[in-house]
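Novice: Chain by chain, the residues:
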Amino acid sequence: MTQIPQNVVEPPAEEPGALARGVPGRPLSPLSIAWRNLRKHRLAMVALVVLIIMYLAMLCDGFVAPYPYNAWDRQQAYHPAWNLHVVDAEGRFHLRPFVYVSHYEFDPYRNRIWREDTSRAYPLKLLVRGQTGTMLFGLLKTGVHLYGVQAPARLYLLGADWQGRDILSRIIFGGRVSLTIGIVGTAIAMIIGMIVGGISGYVGGAGDTVLQRICELIMLIPGFYTLMILYNTLPASLTSMQVYFGVVVILAFISWASLARVIRGMVLSVKSSDFVMAARAGGSSPWRVVTRHVLPSTFSYAIVAASLQIPAYILGEAGLSVIGMGVQEPAPTWGNMLQQAKSVTEMTFHPWLLWPGVAIFLTVMAFNFLGDGLRDALDPRTVGLKKE
Amino acid sequence: MRKAGSTRATAVAAAALIALAAALVAAGLACWPHGPAGQRPRLGHAIAPEQYTPQIGRRGGRLVLPSLGRPKSFNPITSGEMSTIDFTQFMYLGLTAMDPWTFAAQPSLATDWASDAAGLVWTVKLRPGVRWSDGQPLRADDVLFTFDTIYDSRTISSARDSLLGPAKERWKLEKLDDLTLRFTLPARNAAFPELLNQPIIPRHRFGTIVAAGKFNEAMGTNSRGEDLPVTGPFMLAGYDGTRVIFKRNPQFYKTDAAGNRLPYLDELLWLIVPEVNTQMLKFRQGELDATTVMGKDYPLFVRPQKRADFTLYMLGPNWGESFLDFNQNTGVNPRTHRPYVQPHKLAWFRDARFRRAVSHAMDRRFMADGILNGLAYPQYGPMTLHGEALMANVDVPRYEYDLDKARALLKEMGLEDRDGDGCLEDGQGHRVEFTLTTNVESEVRAKVAACIRQDLEKLGIRVNLRSMTFNALITSLDSTYDWEACLMTILGTPEPHWGADVWKSAGRAHEWFPNQVQPSTAWEAELDEIFDRGITEMDPVRRREIYARWQEIVAEQQPLIYTVIPEAMVALRGRFGNVFPSRRTFPEPPNAIFHNIEEIYVLGGESGQTRE
Numbered sequence: 059m060t061q062i063p064q065n066v067v068e069p070p071a072e073e074p075g076a077l078a079r080g081v082p083g084r085p086l087s088p089l090s091i092a093w094r095n096l097r098k099h100r101l102a103m104v105a106l107v108v109l110i111i112m113y114l115a116m117l118c119d120g121f122v123a124p125y126p127y128n129a130w131d132r133q134q135a136y137h138p139a140w141n142l143h144v145v146d147a148e149g150r151f152h153l154r155p156f157v158y159v160s161h162y163e164f165d166p167y168r169n170r171i172w173r174e175d176t177s178r179a180y181p182l183k184l185l186v187r188g189q190t191g192t193m194l195f196g197l198l199k200t201g202v203h204l205y206g207v208q209a210p211a212r213l214y215l216l217g218a219d220w221q222g223r224d225i226l227s228r229i230i231f232g233g234r235v236s237l238t239i240g241i242v243g244t245a246i247a248m249i250i251g252m253i254v255g256g257i258s259g260y261v262g263g264a265g266d267t268v269l270q271r272i273c274e275l276i277m278l279i280p281g282f283y284t285l286m287i288l289y290n291t292l293p294a295s296l297t298s299m300q301v302y303f304g305v306v307v308i309l310a311f312i313s314w315a316s317l318a319r320v321i322r323g324m325v326l327s328v329k330s331s332d333f334v335m336a337a338r339a340g341g342s343s344p345w346r347v348v349t350r351h352v353l354p355s356t357f358s359y360a361i362v363a364a365s366l367q368i369p370a371y372i373l374g375e376a377g378l379s380v381i382g383m384g385v386q387e388p389a390p391t392w393g394n395m396l397q398q399a400k401s402v403t404e405m406t407f408h409p410w411l412l413w414p415g416v417a418i419f420l421t422v423m424a425f426n427f428l429g430d431g432l433r434d435a436l437d438p439r440t441v442g443l444k445k446e
Numbered sequence: 186m187r188k189a190g191s192t193r194a195t196a197v198a199a200a201a202l203i204a205l206a207a208a209l210v211a212a213g214l215a216c217w218p219h220g221p222a223g224q225r226p227r228l229g230h231a232i233a234p235e236q237y238t239p240q241i242g243r244r245g246g247r248l249v250l251p252s253l254g255r256p257k258s259f260n261p262i263t264s265g266e267m268s269t270i271d272f273t274q275f276m277y278l279g280l281t282a283m284d285p286w287t288f289a290a291q292p293s294l295a296t297d298w299a300s301d302a303a304g305l306v307w308t309v310k311l312r313p314g315v316r317w318s319d320g321q322p323l324r325a326d327d328v329l330f331t332f333d334t335i336y337d338s339r340t341i342s343s344a345r346d347s348l349l350g351p352a353k354e355r356w357k358l359e360k361l362d363d364l365t366l367r368f369t370l371p372a373r374n375a376a377f378p379e380l381l382n383q384p385i386i387p388r389h390r391f392g393t394i395v396a397a398g399k400f401n402e403a404m405g406t407n408s409r410g411e412d413l414p415v416t417g418p419f420m421l422a423g424y425d426g427t428r429v430i431f432k433r434n435p436q437f438y439k440t441d442a443a444g445n446r447l448p449y450l451d452e453l454l455w456l457i458v459p460e461v462n463t464q465m466l467k468f469r470q471g472e473l474d475a476t477t478v479m480g481k482d483y484p485l486f487v488r489p490q491k492r493a494d495f496t497l498y499m500l501g502p503n504w505g506e507s508f509l510d511f512n513q514n515t516g517v518n519p520r521t522h523r524p525y526v527q528p529h530k531l532a533w534f535r536d537a538r539f540r541r542a543v544s545h546a547m548d549r550r551f552m553a554d555g556i557l558n559g560l561a562y563p564q565y566g567p568m569t570l571h572g573e574a575l576m577a578n579v580d581v582p583r584y585e586y587d588l589d590k591a592r593a594l595l596k597e598m599g600l601e602d603r604d605g606d607g608c609l610e611d612g613q614g615h616r617v618e619f620t621l622t623t624n625v626e627s628e629v630r631a632k633v634a635a636c637i638r639q640d641l642e643k644l645g646i647r648v649n650l651r652s653m654t655f656n657a658l659i660t661s662l663d664s665t666y667d668w669e670a671c672l673m674t675i676l677g678t679p680e681p682h683w684g685a686d687v688w689k690s691a692g693r694a695h696e697w698f699p700n701q702v703q704p705s706t707a708w709e710a711e712l713d714e715i716f717d718r719g720i721t722e723m724d725p726v727r728r729r730e731i732y733a734r735w736q737e738i739v740a741e742q743q744p745l746i747y748t749v750i751p752e753a754m755v756a757l758r759g760r761f762g763n764v765f766p767s768r769r770t771f772p773e774p775p776n777a778i779f780h781n782i783e784e785i786y787v788l789g790g791e792s793g794q795t796r797e
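The listed protein sequences derive, respectively, from chains B and E.
Just so you know, the numbering used here puts 371 at position 313 of the first sequence, and the rest follows in order with no gaps.
Just so you know, the numbering used here puts 261 at position 76 of the second sequence, and the rest follows in order with no gaps.
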């Protein structure tokens, strides 16, 4: 442990800007301090990079994915993963990877036996024209794909599902739901949680009691059952986009209460501090005091809580989808893709259907590591302890 | 901050689970495609009746079977659901039973039945010497009592309607002596011998209960075996919510060729396993002696394995009808005063050309290949896959996969792409789209729905998929009528009349437009007439002609657009003898194997091997 420099401990923790006074030059903003601390957290940085790549891929899904999510080809049902070759049928090595057109037959035991037509190789190309897909949540259309092969050959890096749809493309498109559901849901839960928690903590008295009992009621109900019940209340005629928002709102509805309670606790402790007293003495309206003085000091917690809550949403969506509720086919989500891999047969004979599970795993882990890093970086007490 | 910590803990735990799944991927990849070494199990098929040559077996042992559902009671009269009949069929016999090969009525508790020339008065002889499991003899009184109970309006009975017939008149039963009965029918009934399969219950045990009007609650799942005297091969020994145990009925009337009293097995045990995948696992682990196998799981069963000690019986197409149907209900919702189906959609749905076009668009071959590994059969009419049944007519119009014909039919109807957006529109500019409902429980059906969606997309018809629980779907079909199209399966039967409720326009199960006051189309009127005529026609050849027309109309009009029927497959451990599977795969495939349950025995040497 390094010695704590005297001048760092001096200022109150509520004014993190002052923490960096000991550093020569311009005082650092709280954000840059946090960023500096975060950069030292190697696991968190790796997680951040992974997430940035995933989100970029998701935003440019139509371009990054070689096929639109619903591009089916029944002749290619259950095509195994990875059909890229570098060595051709005659044993010659090619620098540029290529694929062959393949088709299957059933053997007497009803296994699909794949045969490749080696008479023509289709090289892997960058920036190829293919089927038109959409990107940026469907706002832009693109017929150009980052990589791909010329039809009729098809590229299956992670294999195909029972309709011959490319799993990799579907995972990338599935990010539209699975990667955003956590952020949208947490944002909603956060807003409700902060408003309710802020009012509850600041006003106190009967209002506090009523609001807290409501929170407890919501927390009392087992989460997954509430999910299922609420899902069944959605009207049946919804489009998959509307179902998506329905699921987000349901997930947010379940999780705002616990946030509200913690925020309330923090507000209670901040309420009696000097700067809040000063603001009240200065004649600020309660709304202004809460929004300008009290809630901002809970932000660091809120950010950490948010990054740790996001995985819960991703898993919640996956859980709902696996039992057949949630966003419906053909729109992909990692959850409804995993649903296909539920049986022993699929896991034994078509294990590549489990790849969406790997995507969920990576994302959840990344958010957890990032959340860990953020907590360390934003915690005012640890800020000063780090070596400058 | 505690809460955040615990959220994270759950998240990490869940992530670890997914990591486990990822490890499974790796494991799966490692063992694929070589698979484990070992033996392949044997394959078996349905046999012809002349190959049915039962051997003298040994007493003892037991058979462990899976059951998807729990019994709701052990009451054979009030229960209509499969989950109860699966059990009661081994406890209570009817006067007749179904021949496993010809599907005709064969003697059971009755040995003989004959009608007078008019076909209205039947004399039925009971089998002498039959005793209930409590030692009381079976008498004609028991039969009278059973039919009285069914006709009793206080009894909830699904059989009552089919016994009352269209005239809603009771059969008159008279006892001539202890073993002879006379049935006087209000109208001729060609299916009379088959209808005598109603399970007979003991009057000496339930007489007072029925008289007190408490029969619906009798024979509940908490009954003790001693309280339920049976005539069947097995009687209840216990039920604890997860297992149903039956023990041998020592009074069962049948004996083998050597005079030994049947059944051979001491015990039948069902494990309640509500999920097919879990059943499969339990079978592979040796906890179950038999399991139903779906086409998609076939490769898993036939690949080489360590415990290849079973035979996989492939019994041909299942008895059943799987179809897509459109809501043709012209009615108006009395509460909202709006039609059940939007009028422009109703016009398409009620047009046979539209339904034929949909049939032409269905790629049934892929449905079989992609979903069930090719172990399924395309179906085009009610009995096109069951030519072996007496009343079957396989020579019906078939609207096979042909997109050009489908497009031509739609164009003829005036449905074409008018604004160049790739979607069809009708004359008023309505886009041709509909919602297709399936139930979440059936994976196969969900996949068939996805196929149909893609197939119709090729024609420019948009299909929105929607899934709900089975019960919610049934409510929608039977009472709220707020559906447009749905995928359903009904049990097929070799005797057409048993499906009368489906085919007659006033029927409650007339899926596409139930409970009609007047038949809404000419062909539905003709169906009504066929089913009224078919049941009163006693000559099998003429009956066959009558019902041939029914199958023709259904195939032509496509009120039900048939999809594919899976191969019925059952895996059974090899240590059982006297296994003679027939083609009788309804209501459920295992019945094809266990039609002679009383003769099945454990082969020498290794009885009681099955773990519990």
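Source of the hints: derived by calculation from the structure; they are not laboratory data.
All C-beta atoms, glycine included, are put in the ideal place defined by N, C-alpha and C.
One or more hints might be untrue.
No farther apart than 30 Å at their CA atoms in a straight line, the calculated lysine-lysine pairs in the DSS-like style are these [stated by the list, open to error]: (1) E:Lys632 <-> B:Lys199; (2) E:Lys491 <-> B:Lys400; (3) E:Lys491 <-> E:Lys257; (4) B:Lys199 <-> E:Lys643; (5) E:Lys399 <-> B:Lys400; (6) E:Lys310 <-> E:Lys432; (7) E:Lys310 <-> E:Lys439; (8) E:Lys360 <-> E:Lys310; (9) E:Lys399 <-> E:Lys357; (10) E:Lys491 <-> E:Lys467; (11) E:Lys432 <-> E:Lys399; (12) E:Lys643 <-> E:Lys467; (13) E:Lys590 <-> E:Lys643; (14) E:Lys467 <-> E:Lys432; (15) E:Lys467 <-> B:Lys400.
Label-pair ranges, simulated between beta-carbon atoms [unchecked claim]: (16) E:Pro528 <-> B:Leu194: 51 to 61 Å; (17) E:Gln613 <-> B:Val307: 47 to 57 Å; (18) E:Asn518 <-> B:Val307: 28 to 38 Å; (19) E:Arg227 <-> B:Phe164: 43 to 53 Å; (20) E:Glu585 <-> B:Tyr283: 51 to 61 Å; (21) E:Thr463 <-> B:Pro344: 49 to 59 Å.
Novice: All hints are to be evaluated individually against the structure, with a verdict given for each.
Specialist: Going down the list of hints, with the structure as the test:
no., hint, in the structure
1, E:Lys632 <-> B:Lys199, "29 Å, holds"
2, E:Lys491 <-> B:Lys400, "24 Å, holds"
3, E:Lys491 <-> E:Lys257, "38 Å, violated"
4, B:Lys199 <-> E:Lys643, "21 Å, holds"
5, E:Lys399 <-> B:Lys400, "45 Å, violated"
6, E:Lys310 <-> E:Lys432, "29 Å, holds"
7, E:Lys310 <-> E:Lys439, "17 Å, holds"
8, E:Lys360 <-> E:Lys310, "10 Å, holds"
9, E:Lys399 <-> E:Lys357, "24 Å, holds"
10, E:Lys491 <-> E:Lys467, "15 Å, holds"
11, E:Lys432 <-> E:Lys399, "27 Å, holds"
12, E:Lys643 <-> E:Lys467, "42 Å, violated"
13, E:Lys590 <-> E:Lys643, "13 Å, holds"
14, E:Lys467 <-> E:Lys432, "22 Å, holds"
15, E:Lys467 <-> B:Lys400, "16 Å, holds"
16, E:Pro528 <-> B:Leu194: 51 to 61 Å, "40 Å, violated"
17, E:Gln613 <-> B:Val307: 47 to 57 Å, "36 Å, violated"
18, E:Asn518 <-> B:Val307: 28 to 38 Å, "29 Å, holds"
19, E:Arg227 <-> B:Phe164: 43 to 53 Å, "20 Å, violated"
20, E:Glu585 <-> B:Tyr283: 51 to 61 Å, "47 Å, violated"
21, E:Thr463 <-> B:Pro344: 49 to 59 Å, "58 Å, holds"
Hints 3, 5, 12, 16, 17, 19 and 20, counting from the list given before, are not met by this structure.
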